[in-house]
Amino acid sequence: MSRTDRKIAVVTGGSSGIGFAIARRLATQGMRVIITGRQKDALDRAVQELDGDAAGLTADVSSPASLEALYAEIGNSFGQIHTLVANAGLGLHAPLGKITEADYDRQFNTNVKGIVFTVQGALPLMKAGASIVIVGSTSSIDPGPTMSIYGATKAAVRNLMRSWVSDLKGTGIRINIVSPGPTNTQSLRNAFGEHAAEALAFLTEKSPIGRIGEPEEIAEVAAFLASDAASYVNGIEMFADGGASQT
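Position 104, counted from 1, in the sequence shown is what full-length UniProt numbering calls 104; the numbers after and before it change by one each time, with no gaps.
Since the hints were made in silico from the structure, they are not lab data. A quick note: this is a predicted structure, and the numbers were derived from the prediction, not measured. Heads up, some of the hints might be wrong.
Stated by the list, open to error - Ranges between beta-carbon positions, derived for each pair: (1) 214 x 99: 28 to 34 angstroms; (2) 246 x 104: 27 to 33 angstroms; (3) 96 x 228: 27 to 33 angstroms.
For each residue, glycine too, the CB sits at the ideal point set by N, CA and C.
Given only the sequences and the hints, what does the whole structure look like? Please build it.
As structure tokens, this is what we get:
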């Protein structure tokens, strides 16, 4: 890999679902997209599917050492980051009384610690005009049954961003959150396990527009927040959920 004059976008957790849709949208805008994930074979498949110039780098966002190695490679090969999309995350649903320490740790290590060190590690490679987009969730305000820990991680991220927007004052770097509602991804189905069909029916019924979202719809919002069209948008959590969190 060599340096390029094209703008560089980094999307964590970019090999599938919402992350992949965001990576594909940014690629169509002419950006060189770097997607990250823990599984090399999944990254390789995603890179082949992406339009434009893309690369896949393995990284585990729950490990600061892994992120440090990732950013060292990005710095050496690409020079800087113009857009960072901190998307990698996971949800493990369990009602109160069945929450395990292991599932608690996995979610906070990925969804909170992972965001902290993903964003912090990227800053030395970002200059004025760069943009950070964090993928949150409407669970930050409306977690629903069995989603208390996942919702708590997303509420934590919302408050991290509220502080960071002040920390970044004077740098020229913008930071925003896009918070999807229920979105048609395999990870959503996996989170509900054997109750997936019942859960999807409930979420569809709850939606004011009568359906859940598609990854491409979330990608459009993320791409807007990352773009110069949103140059005066900073420090917000933008909900993309068809109005479901308002009901």
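Hints versus structure:
| no. | hint | in the structure |
| --- | --- | --- |
| 1 | 214 x 99: 28 to 34 angstroms | 31 angstroms, holds |
| 2 | 246 x 104: 27 to 33 angstroms | 29 angstroms, holds |
| 3 | 96 x 228: 27 to 33 angstroms | 45 angstroms, violated |
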